[in-house]
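Q: Those sequence lines, one after another, are chains F and H. Just so you know, the first sequence maps onto residues 36 to 745 in the working numbering. Just so you know, the second sequence maps onto residues 36 to 745 in the working numbering.
Don't read these hints as lab results, they were simulated from the structure. Among the clues, some could well be false.
Any copy will do: because identical chains look the same in the list, a pair fits if it lies in one copy or spans two.
Below, computed lysine to aspartate or glutamate pairings styled on DMTMM-like, alpha-carbon distance capped at 20 Å [said to hold, decoys possible]:
| # | residue 1 | residue 2 |
| --- | --- | --- |
| 1 | LYS331 | ASP78 |
| 2 | LYS60 | ASP423 |
| 3 | LYS579 | ASP226 |
| 4 | LYS600 | GLU639 |
| 5 | LYS386 | GLU590 |
| 6 | LYS293 | ASP116 |
| 7 | LYS386 | GLU66 |
| 8 | LYS320 | ASP106 |
| 9 | LYS331 | ASP419 |
| 10 | LYS386 | GLU216 |
| 11 | LYS293 | ASP113 |
| 12 | LYS320 | GLU426 |
| 13 | LYS263 | GLU140 |
| 14 | LYS293 | ASP120 |
There are 2 protein chains.
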Amino acid sequence: MTSSSRLGAVQSHLQMSACAAEEPKIKTPVESMAEERVKATFDVRELTYFLDGGEKFTKIREKFMMELERDPTFRMHDMYDVTKDQIRQRTMEKFRTIVHYVSAEPVPIFTMRMQTISLIDPGFWTRFGVHYGLFFGALRGSATSAQFSHWVSKGALALNGMVGCFAMTELGHGSNVAGLETTATFDEAADQFIIHTPTVTATKWWIGGAAHTATHTVAFAQLIVRGKRYGTKSFVVQLRDTHTYTLMPGVNIGDIGKKMGRDGIDNGWIQFTNVRIPRTNMLMKHTKVSRAGEVKEPPMAQLTYGALIQGRVAMVVDSGNIAKKAVTIAGRYAAVRRQFSSNPHNVQETKLIDYAIHQYRLMPLLAMAYAFHFTGVETNKLYDELMDKLESTQPNDDSMQEVIDTLKETHATSAGLKAFCTWSTLNAIEACRQTLGGHGYSAYTGLATTYNDFAVHCTWEGDNTILTLQSGRYLVSCYREALAGKTQPEGVSYLNHLISLLNLGCGVKSNEGILNFDVIQEAWNVVTANVVKKAGDDFENSIKQGLSPEAAFEECSQARLAAAKIHSFGYIFRRFAQAVNSAPEGLRPILTKVCLLYGLYSIEQNSGFFLQYRYFTPSQMDYVRSQVNVFCREVRQEYIPLIDAFNYSDYMINSPLGVYDGNIYEKYFDQVKRQNPVGGEHPYLPLIQSLLRRNIEDDEPLEDEDDDDE
Amino acid sequence: MTSSSRLGAVQSHLQMSACAAEEPKIKTPVESMAEERVKATFDVRELTYFLDGGEKFTKIREKFMMELERDPTFRMHDMYDVTKDQIRQRTMEKFRTIVHYVSAEPVPIFTMRMQTISLIDPGFWTRFGVHYGLFFGALRGSATSAQFSHWVSKGALALNGMVGCFAMTELGHGSNVAGLETTATFDEAADQFIIHTPTVTATKWWIGGAAHTATHTVAFAQLIVRGKRYGTKSFVVQLRDTHTYTLMPGVNIGDIGKKMGRDGIDNGWIQFTNVRIPRTNMLMKHTKVSRAGEVKEPPMAQLTYGALIQGRVAMVVDSGNIAKKAVTIAGRYAAVRRQFSSNPHNVQETKLIDYAIHQYRLMPLLAMAYAFHFTGVETNKLYDELMDKLESTQPNDDSMQEVIDTLKETHATSAGLKAFCTWSTLNAIEACRQTLGGHGYSAYTGLATTYNDFAVHCTWEGDNTILTLQSGRYLVSCYREALAGKTQPEGVSYLNHLISLLNLGCGVKSNEGILNFDVIQEAWNVVTANVVKKAGDDFENSIKQGLSPEAAFEECSQARLAAAKIHSFGYIFRRFAQAVNSAPEGLRPILTKVCLLYGLYSIEQNSGFFLQYRYFTPSQMDYVRSQVNVFCREVRQEYIPLIDAFNYSDYMINSPLGVYDGNIYEKYFDQVKRQNPVGGEHPYLPLIQSLLRRNIEDDEPLEDEDDDDE
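The task is simple: from the sequences and hints, build the whole structure.
A: Take a look at the structure:
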């Protein structure tokens, strides 16, 4: 018997004796959890199937969760204590497992596998995505078919013989790709490009996989031919010998080092000093440079919206998934943790979740997780449909303009949603972490790391503020088009009824009438139309004052930000309500409550706009506030079954406070002891001994002789 | 010449050649920063003196900053890469330096030293506070004078021979001290207490200093004498032999392990199994247990407000200091970083800070940092005055009731402010981090660690939600007293004019009239009075429906939360405005702008309440919004001088993006290279080689023989 299992036995014994001595009314943690499950008025399993898109997909996800849990390279319980080097080693070990499925599984199934992995190990998910999403994706999107075949034959698809990274951002340049400084100068005599880093700020920076792994990169550089600049293009550059891993001549690479999270990714910096590559290493699907140095630019700017939208939709989906995880941990803890007593006659303290304020902290986040889930599903579907339509429509088809309008709308909406959902989820993780009290500060309870891993979502694939402004800019354009009589696509269709919406107040007679999807949707439409109008009017005023369109957009940026945010709220509510209306009958009552809570809480949080544009009166707003409390209480009744329906295994949750059975304290204590065994070596015994045993008489000064005279 | 300095030389050379080749208009990072400093319309040094409370205190702070920077145990540049064990070793090394000043410096000066340290090394600050603030503070507050002398003679003050920790919270019990499970049972025969941990959830948890350092603890336990329970009292328990550091019999201690931040603190868990201590180890200033087992309880519950208020005021001060640090980093980066061009004729990209939206992201946070600074200073002063008054007032004095009323008000307000300021600062750190774009995700740029270190402030010394509710509860009580005609103290004096305030609208004729401290203050008073009334009315309604006062308070908790939050906004604005009015004449114009920005932005963020209670009309609110932009632009003009006035040295900022001279890219690159030297050992070469060189033919299946028939 090890000392730690002996300790466990003693503790169990102590706890049993304690229980036996206490009154029978006292509920154990496990009992406290169990009593929550009997409250369900709906079939939890049916809700899981509905969330997953059908029983078949639930089964696939469960298969993935089991495979991951049993895979030794995916052991996660000790992840909070590993060093940066160790976590990177593990990342490489996992590669070996997962690369097997790249060829063995159809793409949609493999995508689901990776989605599952993203929840338990976001660092690995990203690291894997660097090769297949960014490097290989760049080849697919920008290489000619001959080039593409060439790199596949070198092993780019099988990850055999080579592995890639994606060198876009530089130390001094992020969002503005056109401003990158790295140069690719054509040397006609040698039929080569010279890739060069001219300044410190041109150093390639944050390049995932560069520090220790990648043999090749797709580098973004300014194409210069015969002294003329043609803008930023992409080039395949070999970084290391594929056998010895020594750096290629002219290539200097270093480790970016410690990050806020996702340390499993070996981000690096790269400096090129006159590195020569064959001309044919430039990816020439669009712009071409011939042997003779003729540059042929594509007839029209490429529609690259597709790839951007895909990445952003994926982050909306990830936001929903991570929000569900955070709410699972905080929600299960709140069903077990007890604190004070709200009733002096109770023997036992009150569950956190039975306090009104705790319901107010958690239930809106649970509703948000559902809202983001359905938004992710619907947005994904819309994206797939759109891409199908785009492929099947010919440039000359009558419907082409409509498809392009939808594409633009989806591009703008997905930009706004990516920002909105990642910001909201980051806040939700922190809010959930704080509901764990002091335990939220322990690494082992999971949400601190979740926060640190998730935070980067607010910056990459488009900085959230910039994306929100883009979305707002689109809304201003739509508003101006709508004013001019042009019909707007579905996502912004409220602008088609602009005049009738702008001065609309809530027409319902009774307060209860507000508790209705259509009324709430109308409320958002009215407010969004007004906020968009405000941004549009600000823009017009600036134009009238003689500003350029660019300067006018800049001038109304605060209004654009507000417009895009409010637009996202309304959009998400609509997606959620649509999903509820399409749910199986048995699930509709509970989902209706959750959706109403989301709608009412969102209105409360933005009450200023609803009062400003007089959709609600102050007394109706008071009613909305009071109903937020009512619906928090309603949803609280079945909140554990609602969380269970997310169907994350304990392994996926990876937090002792979020375990299914509610046995939180024992599992938490076990985790702490396993990671920090009692009786290990003392990390600084001599230091503390020398402090406590120092000779403080040394500090005493020589007594002043004058004093002796007294 | 080392390889890294050679690299630096090459880079400098590259940069110089690049500069030489470019147009003369291009500004270097250092020039970009320098041009911001000439914009100051005020004397930066004078503002520093004003912030610090006078030139004398500025000089003392500068002395501390220099001493820390030159002290090898306080080297901070590599802190982002050290392990948990290493950082704890450093903590012990620092003890040796700082303990010297405990006796060498007067308390107010030593407090300033520790405040300076809290900014650069919050983990050490807390770790030091565990002994002197918690352990020694408990002796001072709860020991009899004989007991106090005893422990001082053992070395508790000199930190010689013993070091203490403070064992209050348990695995299953945090905020509710009365619900702790650890028992202290009097054994009359032996004249001893038996300290015992009866269950797993009774395990002492989060105890700072327990894991490896403390020889003694003050433990909170349920006093049981002759079978009767007397509630939670405190007991000195020896944990380890003071020479060998072996655990005392019956004491079991483990390491809590990895945390979100502040890993320099060796938090531990403690289990007592029938540990015997002398009866006289119970701290008996208040409750006494005699040799014969007689328990003598104090005549009245002790006024322990004082110590609580002090801790909370300290966290308000810390919030201001950390907010200033975060704004310094984000602000200086924004003066140097360039991105896109807002003007097509510009050769160089535009500074981040010249975008309206970036001003909107940062300037209100700068204003908030000033607001919190002045609130901290004023609150500190009020606290000191109050304590002086409390000491000089006798229980029978006529003025005693007034002092107690002020004490209660300060207690409630400081609880609300602690929550408000720590929450706002945590959000501000993250917002600042995000303005650094991708670089905010690097550990070396500092704000990720700042976030992780700061986050615990929202939980300890009173969970923020619980504190806010307490503050709201006090406001409801004041409201009811005010209704009954009782005059309320200064901090809530708006309740003395309740009736006239409740239906007051903004009386100013012109929009410009809103830009006035008195009008903004009145706006907050009106709205706060209304929000407090709402909470009070909710409470009364519940009482009328037959609920107990406890249940009624519970019922109105959402309204209490809102009331406390709005009260804090108004309170902070008043403190800020008062400070501006007392500022030297030369500083008043700029500080007035900053203060108006704070007031207007706060109103915009809470517009729902101002419209709900009709203080502002929708068109006035539009004006407020527009003026937020105007004042962001105004403050932006001098924002670098405003940041410089905080007077934090580069060492204190500890982020290459926040350096004074603006040479951010070189210093950032140097930092990354120093911490991650080029050409170090590869952490997983065999792994990557075996992945890329695996025999993929192994994966190919045997061909199906049937196919051969075709």
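Q: Taking the numbered hints from earlier one at a time, note which ones the structure violates and give those numbers from smallest to largest.
A: Those not satisfied are hints 1, 2, 3, 8, 9 and 13.
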